[in-house]
Amino acid sequence: MLNEFKAFIARGNVMDLAVGVIIGGAFGGIVKSLVDDIIMPIVGAIFGGFDFSNYFLPLSSTVNAPSLAAARAQGAVFAYGSFITVLINFLILAWIIFLMVKGVNALRKQVERKEEKAAEAAPPPADVQLLTEIRDLLAKRPAV
178 MLNEFKAFIA RGNVMDLAVG VIIGGAFGGI VKSLVDDIIM PIVGAIFGGF DFSNYFLPLS
238 STVNAPSLAA ARAQGAVFAY GSFITVLINF LILAWIIFLM VKGVNALRKQ VERKEEKAAE
298 AAPPPADVQL LTEIRDLLAK RPAV
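Its first residue numbered 178, the sequence shown is counted upward by one per residue in this note's numbering.
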């Protein structure tokens, strides 16, 4: 069982997945900062200076705090502002990933076209040319 586990871990797909998860986590942090520190303040300034992250509905009569963190300490709240922020975060991340995949696919198509052109334009190796000539000469020779 240990050998099977080693073989599983050593496969390239597992390592690629691990790298993707780590980079994705770091990229998620960058996008979160972009949304929280750049986009949401601009959106808040456009719509009157409010902060989405502090929008909530109290689900208990004991909740009367002005901020979400303090309200959560007092009781249950419906934090729809945080959800809006996370949703915008997700949409930006999905858009960036879409653009990255689109770019990679375009690069792959260019590489494939170059490889096809190179394969079409490249003359056959010398041994193949020689064998082709021998074949053609034998085909022209009268049958004995």
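FYI, nobody ran anything at the bench for these hints, they're computed from the structure. Take these hints with a grain of salt, some might be off.
[Unchecked claim] Below, computed lysine-lysine pairings styled on DSSO-like, alpha-carbon distance capped at 30 Å:
# : residue 1 : residue 2
1 : Lys279    : Lys291
2 : Lys279    : Lys209
3 : Lys294    : Lys279
Outcome of the hint check:
1. With a CA separation close to 19 Å, the supplied pair Lys279 and Lys291 stays within the 30 Å bound.
2. Using a Cα cut-off of 30 Å, the hinted pair Lys279 and Lys209 holds, with the two alpha carbons roughly 22 Å apart.
3. Straight-line distance between C-alpha atoms of Lys294 and Lys279 comes to about 23 Å, which keeps the hinted pair within the 30 Å bound.
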